[in-house]
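Whole structure, please, built from the sequences with the hints as guidance.
Chain by chain, the residues run as shown.
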Amino acid sequence: MENMGVFFALLGAVLAAVMSGIGSARGVGMAGEAAAGVVTEDPSKFGKVLILQLLPGTQGIYGLLIAFITLTQIGILGGSSDVSLYKGLLYFIACLPMIFVGYWSAIRQARAAVASIAMVAKRPDQSGKAIIFPAMVETYAILALLISILAVTGIGSVNI
Amino acid sequence: MAILPMKHISMIGLKKDRRAVLDVLQRCGTVQINDINRKDNAFYKYDVSSEKLLLEKQAAVVQEALEILDRHVPEKKPMLNVLNGKQELSRKRYEKLDGEQEEILETAKHIRELSDTISEYRAGMEKLQVQMDSLVPWSSLDLPLQFRGTKSVAAFIGSLTGEMSRDELLASLFDRLPAVDAVHLEIVSSTREQVCIVLLCLRRDAGPVENALRSMGFAYPSASVPTLPIRQMQEWKEKKDRLEKARDTAEEEIRDLSGQRDSLKGMLDCYAIRKEKADVAGRLLQSRHAFFLEGYIPARKADTAAAILNEQFDLLVEYEDPSGDADVPILLENNKFAEPVEGVLRSFSLPGKGEIDPTFLMAIFYYILFGLMLSDAGYGLLMVLGCGFCLRKYKNMEPGMQKTLRMFFFCGISTTFWGAMFGSWFGDVTKIVSTTFFHRTVSVPPLWFEPVNDPMQMLVFSMAVGVLHLFTGLGAKLVQCIRAKQYKDAVYDVLFWYLLVGGLIVVLLSSSQFAGMFGLNFVLPSVVGKAAGSIAAVAGAGIILTAGRESRNWFKRILKGLYGLYNVTGYLSDILSYSRLLALGLATGVIATVINQMGAMFGDSVMGAVLFAVVFLIGHALNMAINLLGAYVHTNRLSFVEFFGKFYEGGGKEFTPFAVHTKYFEIKEET
Numbered sequence: 001m002e003n004m005g006v007f008f009a010l011l012g013a014v015l016a017a018v019m020s021g022i023g024s025a026r027g028v029g030m031a032g033e034a035a036a037g038v039v040t041e042d043p044s045k046f047g048k049v050l051i052l053q054l055l056p057g058t059q060g061i062y063g064l065l066i067a068f069i070t071l072t073q074i075g076i077l078g079g080s081s082d083v084s085l086y087k088g089l090l091y092f093i094a095c096l097p098m099i100f101v102g103y104w105s106a107i108r109q110a111r112a113a114v115a116s117i118a119m120v121a122k123r124p125d126q127s128g129k130a131i132i133f134p135a136m137v138e139t140y141a142i143l144a145l146l147i148s149i150l151a152v153t154g155i156g157s158v159n160i
Numbered sequence: 001m002a003i004l005p006m007k008h009i010s011m012i013g014l015k016k017d018r019r020a021v022l023d024v025l026q027r028c029g030t031v032q033i034n035d036i037n038r039k040d041n042a043f044y045k046y047d048v049s050s051e052k053l054l055l056e057k058q059a060a061v062v063q064e065a066l067e068i069l070d071r072h073v074p075e076k077k078p079m080l081n082v083l084n085g086k087q088e089l090s091r092k093r094y095e096k097l098d099g100e101q102e103e104i105l106e107t108a109k110h111i112r113e114l115s116d117t118i119s120e121y122r123a124g125m126e127k128l129q130v131q132m133d134s135l136v137p138w139s140s141l142d143l144p145l146q147f148r149g150t151k152s153v154a155a156f157i158g159s160l161t162g163e164m165s166r167d168e169l170l171a172s173l174f175d176r177l178p179a180v181d182a183v184h185l186e187i188v189s190s191t192r193e194q195v196c197i198v199l200l201c202l203r204r205d206a207g208p209v210e211n212a213l214r215s216m217g218f219a220y221p222s223a224s225v226p227t228l229p230i231r232q233m234q235e236w237k238e239k240k241d242r243l244e245k246a247r248d249t250a251e252e253e254i255r256d257l258s259g260q261r262d263s264l265k266g267m268l269d270c271y272a273i274r275k276e277k278a279d280v281a282g283r284l285l286q287s288r289h290a291f292f293l294e295g296y297i298p299a300r301k302a303d304t305a306a307a308i309l310n311e312q313f314d315l316l317v318e319y320e321d322p323s324g325d326a327d328v329p330i331l332l333e334n335n336k337f338a339e340p341v342e343g344v345l346r347s348f349s350l351p352g353k354g355e356i357d358p359t360f361l362m363a364i365f366y367y368i369l370f371g372l373m374l375s376d377a378g379y380g381l382l383m384v385l386g387c388g389f390c391l392r393k394y395k396n397m398e399p400g401m402q403k404t405l406r407m408f409f410f411c412g413i414s415t416t417f418w419g420a421m422f423g424s425w426f427g428d429v430t431k432i433v434s435t436t437f438f439h440r441t442v443s444v445p446p447l448w449f450e451p452v453n454d455p456m457q458m459l460v461f462s463m464a465v466g467v468l469h470l471f472t473g474l475g476a477k478l479v480q481c482i483r484a485k486q487y488k489d490a491v492y493d494v495l496f497w498y499l500l501v502g503g504l505i506v507v508l509l510s511s512s513q514f515a516g517m518f519g520l521n522f523v524l525p526s527v528v529g530k531a532a533g534s535i536a537a538v539a540g541a542g543i544i545l546t547a548g549r550e551s552r553n554w555f556k557r558i559l560k561g562l563y564g565l566y567n568v569t570g571y572l573s574d575i576l577s578y579s580r581l582l583a584l585g586l587a588t589g590v591i592a593t594v595i596n597q598m599g600a601m602f603g604d605s606v607m608g609a610v611l612f613a614v615v616f617l618i619g620h621a622l623n624m625a626i627n628l629l630g631a632y633v634h635t636n637r638l639s640f641v642e643f644f645g646k647f648y649e650g651g652g653k654e655f656t657p658f659a660v661h662t663k664y665f666e667i668k669e670e671t
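Quick mapping for you: the protein sequence lines, in order, are chains A and B.
Going by this note's numbering, the letters in the first sequence line up with residues 1 to 160, in that order.
Going by this note's numbering, the letters in the second sequence line up with residues 1 to 671, in that order.
Hints are computed from structural coordinates only; laboratory data are not their basis.
You can trust all of the hints, since none of them are fake.
Derived lysine-lysine pairs resembling BS3-like cross-links, with alpha carbons at most 30 Å apart:
#, chain 1, residue 1, chain 2, residue 2
1, A, Lys122, B, Lys277
2, B, Lys57, B, Lys277
3, B, Lys353, A, Lys122
4, A, Lys129, B, Lys336
5, B, Lys52, A, Lys122
6, B, Lys353, A, Lys129
7, B, Lys277, B, Lys92
8, B, Lys265, B, Lys277
9, A, Lys129, B, Lys653
10, B, Lys52, A, Lys45
11, A, Lys129, B, Lys403
12, B, Lys57, A, Lys122
13, B, Lys485, B, Lys653
As the structure is a prediction and not an experimental result, all values here were calculated from the model.
This is the structure:
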């Protein structure tokens with residue numbers, strides 16, 4: 001039981017990457033379908049819709065980021081991986097914001113991106129505004145990322 | 001850094017000069033001509049739809065000819081062709097081109113005809129080939145296919161489906177014809193699908209033999225060929241060769257005409273220019289002898305334009321300041337530093353009535369925020385070098401492209417600066433390379449601190465940048481209020497908020513608990529905190545009293561005021577929103593580090609170094625691309641939502657002058 005600390009910490013890290021990755025993959029896929037439809041009609045809009053397609057992709061990167069920081073903190077990437085059960089659970093909890101918000105925000109952002117792609121199809125001159133709507137959703141992924149980063153880096157110096 | 005003042009311009013001229021005047025105006029390119037919707041008995045509008053239709057039709061012909069040329073002789077385009085900009089064309093050459101309109105249009109039509117005949121030839125050749133293929137099984141037959149026999153002998157030439165030998169055929173034939181015994185069968189050719197046969201019998205047996213053959217699936221050949229098959233095939237072959245030669249000649253002719261490509265492109269530009277002119281001609285009013293137009297012109301160009309017109313024509317030009325409620329089009333002018341961000345501003349909205357041009361303020365923060373989010377000196381240097389090289393090498397580039405490159409050039413400088421401050425050069429590449437390949441640790445120390453090791457400090461710094469950004473936005477609102485002489489609004493809507501938000505921040509800074517939480521190494525004395533607290537309280541009370549000042553009813557007014565004070569949560573979320581500077585900055589740095597570590601996994605060997613280089617190149621290219629996109633999107637967001645939210649709404653219409661807008665050539669005026 002003593003060695004379960006690393007297990008829970010690793011579980012959190014991996015889930016952060018997995019859930020955000022799934023969310024982003026689904027999101028970018030959805031937006032990609034919409035974007036392909038627009039490009040069929042008008043290939044010159046490729047650049048504009050490509051940006052919109054990529055927007056839900058950042059959650060996957062944030063998940064990777066949290067996973068990586070956690071892995072370095074618990075010593076999986078070199079160093080000693082001596083993590084107590086209690087600390088391991090703390091690391092797991094620290095990953096939770098990214099696990100949940102990463103997944104859901106990617107999908108919601110993708111829906112906003114799909115709507116924005118439709119907007120660019122009809123009014124290409126408004127593409128600047130079209131980027132903002134999906135970017136609004138991303139704020140919450142960033143806030144989750146922030147809390148996860150602060151928590152993961154903070155746990156190392158907690159005395160227990 | 002300003003919105004150029006505009007004059008409202010109107011002119012009356014003689015109808016006979018109309019074309020020439022429009023020509024001069026188009027070449028000047030400084031006047032936006034309004035669509036006049038005034039009904040009058042003397043003045044009427046000129047119907048230009050048929051002229052426009054004709055121009056569009058002709059342009060379509062030329063466009064098609066160009067596409068045909070591109071298909072037959074693909075144009076060689078050098079890499080980075082987009083950066084080259086338009087070729088120059090002197091005014092003299094352009095006028096010559098304009099005069100050759102008929103011939104060029106004929107050439108275009110000719111090219112189209114050639115293309116049509118080529119497809120006809122192709123279709124003919126295909127048809128002949130099919131016919132020839134159908135005769136191949138008969139090629140060894142020395143009788144015409146139509147041969148049906150002599151007076152006493154009947155001949156059946158045709159095919160049976162399926163593979164059968166001669167004996168099998170004869171056997172199955174005699175099965176069906178017990179009464180007939182004199183038959184001569186020859187097999188011309190045989191494949192798995194069919195057997196081609198010649199069958200001779202006595203004329204008197206012809207009827208039953210034919211019936212028997214038919215029941216076995218006999219069919220006459222579909223091609224009706226009066227001569228010997230081999231001769232017919234020869235004939236078709238010759239015909240096909242002739243077609244092929246004709247097609248080659250036509251293709252050769254199209255290739256020869258590819259020298260006309262530039263004329264065709266020039267012609268398309270001519271049509272575009274004429275169409276715009278026709279469009280504008282449809283907006284003016286005219287009577288029997290005069291025409292009347294009105295529009296807008298940048299104030300400082302009005303005198304020159306009027307002088308040029310008065311010198312050449314007999315007309316009356318008047319310009320005056322536009323009336324207060326007129327919807328004046330917006331033209332921005334900024335210095336080289338701020339100008340590139342105009343495009344981003346335009347994608348939001350141009351300044352509306354009574355608003356200042358925010359480009360310069362926006363530009364300063366745009367570059368800083370972008371740099372903080374990308375924050376890798378290596379990527380920054382790449383941007384600076386790439387954009388700088390293109391800007392130097394391709395002087396003639398399209399203005400829009402040039403602005404974009406200039407924007408990323410400045411963003412690159414800022415990125416390099418912040419990357420050096422935070423010690424990120426392609427992540428930690430020096431450290432990884434030196435430890436893996438040279439077994440010594442050499443790392444570039446940050447000029448300030450490393451955000452990965454101290455995220456709290458970076459968070460505080462991000463929010464400080466945010467407060468500065470928001471306060472600058474509020475300052476812009478202050479300027480707008482003072483310009484509009486709304487001094488009360490300046491106090492109620494700007495000053496109170498400065499005091500409230502500023503006061504609250506100072507109160508926080510004087511609490512040791514807050515300082516401990518965010519790892520600040522200073523705490524303001526509590527006296528300062530108390531003073532700031534009372535100032536914030538006064539400002540808050542002021543907001544409660546004044547935020548609902550449009551309501552007369554005091555009860556309503558206080559309620560609205562309380563709601564106005566609730567806006568302070570908006571400031572909280574605005575400031576928190578700048579935490580993305582930390583998050584995106586870390587994302588770049590940490591992923592760059594991951595890439596370096598992945599590259600170093602192959603160890604210290606020649607192979608390891610090669611693999612490291614591969615991982616390094618691909619990984620950093622991807623990371624840079626994704627983070628460039630992220631930095632761009634989120635810098636826009638911080639500018640549009642947080643910064644503009646404080647003072648800017650937009651809604652202005654862009655100034656679109658009547659000018660020469662071409663696609664292929666830049667027409668150069670001779671001076």
